[in-house]
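The listed protein sequences derive, respectively, from chains A and B. Mapping to our numbering: the first sequence position 341 is 1630, numbers consecutive. Mapping to our numbering: the second sequence position 146 is 877, numbers consecutive.
Any given hint could turn out to be false.
Claimed, not checked - Quick list of simulated restraints, FRET-style, between CB atoms:
no. : chain 1 : residue 1 : chain 2 : residue 2 : range
1   : B       : D918      : A       : S1333     : 27 to 35 Å
2   : B       : K921      : A       : E1291     : 27 to 35 Å
3   : B       : A963      : A       : S1333     : 30 to 38 Å
4   : A       : T1624     : B       : I896      : 53 to 61 Å
5   : A       : E1525     : B       : I740      : 47 to 55 Å
6   : B       : G1054     : A       : G1311     : 39 to 47 Å
7   : A       : H1481     : B       : D830      : 18 to 26 Å
Source of the hints: derived by calculation from the structure; they are not laboratory data. By construction, the Cβ of each residue, glycine as well, lies at the ideal position given by its N, Cα and C atoms.
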Amino acid sequence: MEAHELDILVLGRQANVRYVTGAPQLWIAGTRPFGPVCVVVRASGDIYLNTTDDEGVPEEIGHDHLYGLTWNPMTLIDVLKKIDGAETALRVGTDAITPTFAALLPEAFPAAELVDGELAMRAARRIKTPDEIAVMGEAIRIAEGGLAAGVTELRAGLSEQKLAGAVLEAMAAGGVSTPATQDAAWVTSREHPWQRAQPNGTVQDGDLVAFAAGALAGGYVGEVGRTRQIGTITAEARQLHQRSNTLYDKLIAACRPGASTRDLLAAYDAAREPIPPMPIAHGLGLGFDPPVVSETLSAAGEDDHLDAGMVLAITGYVWQEGVGAVFRRDTVHVTATGPEVLTHSPPWPAN
Amino acid sequence: MTNSLTAGIEIPNEPDWARMRSEIGARLRSAMADHGVDALILLMNGHVQYATGVSWPLLDAGLSHVERPVAVVLADDEHPHLFLPFRSGAASEPPVPHDHVHGPVYLEFDHGVAEFARVLAELIPSSATIAVDELTGAMRRSAATLFPSGPPQEAAIVVGAAQLIKTRDEVSCLRQAARITEAAMADVQKALAPGVRQIDLSALLVRRAFELGATANMLEAIWQVMPASREAGVWTTHGDLALPLLPTDRELSAGDVLWTDISFSYAGYCSDFGRTWLVGEQPTAAQHDQFRQWRAILDAVLAVTKAGATSGDLARAAIAANGGRKPWLPHFYLGHGIGTYPAEAPMIGTDLGEDFDDNFVFPPGMVLVLEPVVWEDGTGGYRSEEIVVITEDGYLSITDYPYSPYGD
Chain A
1290 MEAHELDILV LGRQANVRYV TGAPQLWIAG TRPFGPVCVV VRASGDIYLN
1340 TTDDEGVPEE IGHDHLYGLT WNPMTLIDVL KKIDGAETAL RVGTDAITPT
1390 FAALLPEAFP AAELVDGELA MRAARRIKTP DEIAVMGEAI RIAEGGLAAG
1440 VTELRAGLSE QKLAGAVLEA MAAGGVSTPA TQDAAWVTSR EHPWQRAQPN
1490 GTVQDGDLVA FAAGALAGGY VGEVGRTRQI GTITAEARQL HQRSNTLYDK
1540 LIAACRPGAS TRDLLAAYDA AREPIPPMPI AHGLGLGFDP PVVSETLSAA
1590 GEDDHLDAGM VLAITGYVWQ EGVGAVFRRD TVHVTATGPE VLTHSPPWPA
1640 N
Chain B
732 MTNSLTAGIE IPNEPDWARM RSEIGARLRS AMADHGVDAL ILLMNGHVQY
782 ATGVSWPLLD AGLSHVERPV AVVLADDEHP HLFLPFRSGA ASEPPVPHDH
832 VHGPVYLEFD HGVAEFARVL AELIPSSATI AVDELTGAMR RSAATLFPSG
882 PPQEAAIVVG AAQLIKTRDE VSCLRQAARI TEAAMADVQK ALAPGVRQID
932 LSALLVRRAF ELGATANMLE AIWQVMPASR EAGVWTTHGD LALPLLPTDR
982 ELSAGDVLWT DISFSYAGYC SDFGRTWLVG EQPTAAQHDQ FRQWRAILDA
1032 VLAVTKAGAT SGDLARAAIA ANGGRKPWLP HFYLGHGIGT YPAEAPMIGT
1082 DLGEDFDDNF VFPPGMVLVL EPVVWEDGTG GYRSEEIVVI TEDGYLSITD
1132 YPYSPYGD
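So that you can see chain A by itself, here it is in the shape it has in the complex:
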């Protein structure tokens, strides 16, 4: 906060609230509207949290700093007004904002300029501590358990929905009922690169089926992705898998401290694979962490560099007409001594 000259941070994004407070919140899928869920005051270090009960709330945040769920924005503004430091704060950062709160927050912080606080949060969350890596390991373990369950169930005649259900079930049975991603299984198209064969499809013999599992555990996201072929593995599928391996090796090699995120895109070029339209890498942590590496975004000028301590989801995607795609995703920890791949699911069944 000091580096960004913020006196107060008002946070609404689930990941940021978790980062600051350590308290678990009710998980809702997808985006949710911004509201002042957590407030941090730099001078005093005080933290205030929007929660009605104290389950999972660290003792350091006293009961008198908890404000309950309300539906009237003015009730929230009243709470914020009374925060020690609200009246005199000069720079108040929020991680997102709505036009409603852009108009209301000045009532709580009359002396302040309202600015973006997300950049400060990103900076804080960018480099993972060893403890965080350990917690992410747990999320990865759950995700990999989900993936394994999907792979085990895989046979011709099943719907993608059923397979997705199996992946999500296994993650919940493993202790985590909050999925990071729910589009867990799809038949890759033999006609169109990057796409599923059809909406709500059924798996047929010879299909290349992609599995993507992600879990939000202990507040952290772990992701893994693998592809399997139904029935006897064909020569074309083996070839495609070989291309996937080549690409994967180059992608992982690009996960070095100091490397530009452009190097990840370059890995596709070096492997002579077309770059897919989806991001081929994104930061992982409590939620959204930069970078997002996609051809479009890089072409627009948005590039980043990697630092030791960052964690990325790296995606390899190769496709062959008439065959399908091999999709692969791994969670990689960038370390000073080289990339540490945290996901261990076998890329292909053992012979």
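Chain B: place on chain A using the hints.
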């Protein structure tokens, strides 16, 4: 639950997707005209789903920011513009015309916003009044280029006005979401027994819901074990019961009273399932009484539920049927709307105040989730949820699940 008087509301078994798009488009443009808004820029997943008809298995909130679908609705265009990320394995046909589909935008990044602003400049005249539902930091830094005519208005108000009334195809989706959830919960209830963990129930539920056609799990499934007394319960800011408490891996015991709260979506439309279950035992007389009390409150509320009624009318009916006390928790409500988000306007009985509730008049076609709560120490209380569509003369129920082991 039996239907009350209906006014010929026909809910199609299958939604007519083209008709749904057309009718929702008309509602949105009408709401825009009412609010003097020329263009809507929508980032919230629920709003994008509503405005464009695209739906997808939602990502965790954090990952949702990596690539978000964005909708731009223009007051004078029959079709919305959709900025659609290529989901790994996206379906081939987006629900808007091809010339209205654009590649993904990356609104968390300054360069991503610059790209977006370039496209917007071609779609939206610089004098246009724009409303947006969320601003990222990068958008705020580029506000001058994104919103040349001045600070944007609140899109949630405009979209909310359109969403208040559901078309019959939307109701069909909502009912399908309810049916999928109910069928899945029927299987879960069969598995409920001492020794089972809450997390096991979640596992079975998510599997069945997906097998039955759910698009996404909207909410962490709640199987809250109710305390013996308010006193013994988790600390709360208001001193009343806590809700919801997150699932754990503890084993359930005979006699545990569970308040369940579940939401899945179908084609982007949400269910909101609530029942009170008892583990391994039959309800005592006192527990049956709790259910009867709940039932009486619900019936009293339904008796005044119709187009033209206000939120205040329903709140008063509920309070009167509950001996003068509010049959809902201080941090919640008697009921709420539902659509592409599990909880939409109106919220009944909140700190928005009685005046607000008295001025909220129900139109026909509004969808309401009713969830009164009764409590008596030593019984685990009773809470369940029912969803109704408001009609001219009353309401039409779209939920249908037994109350067992409570009730007759």
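Here is how each hint holds up against the structure:
1. D918/B to S1333/A: 27 to 35 Å: 51 Å, violated
2. K921/B to E1291/A: 27 to 35 Å: 57 Å, violated
3. A963/B to S1333/A: 30 to 38 Å: With Cβ atoms ~34 Å apart, the hint holds.
4. T1624/A to I896/B: 53 to 61 Å: About 56 Å separates the Cβ atoms of T1624/A and I896/B, which means 53 to 61 Å holds.
5. E1525/A to I740/B: 47 to 55 Å: Holds - the Cβ-Cβ distance for E1525/A and I740/B, about 54 Å, lies within 47 to 55 Å.
6. G1054/B to G1311/A: 39 to 47 Å: 41 Å, holds
7. H1481/A to D830/B: 18 to 26 Å: Because 19 Å falls inside the window, the suggested range holds.
Of the numbered hints listed earlier, those contradicted by the structure are 1, 2.
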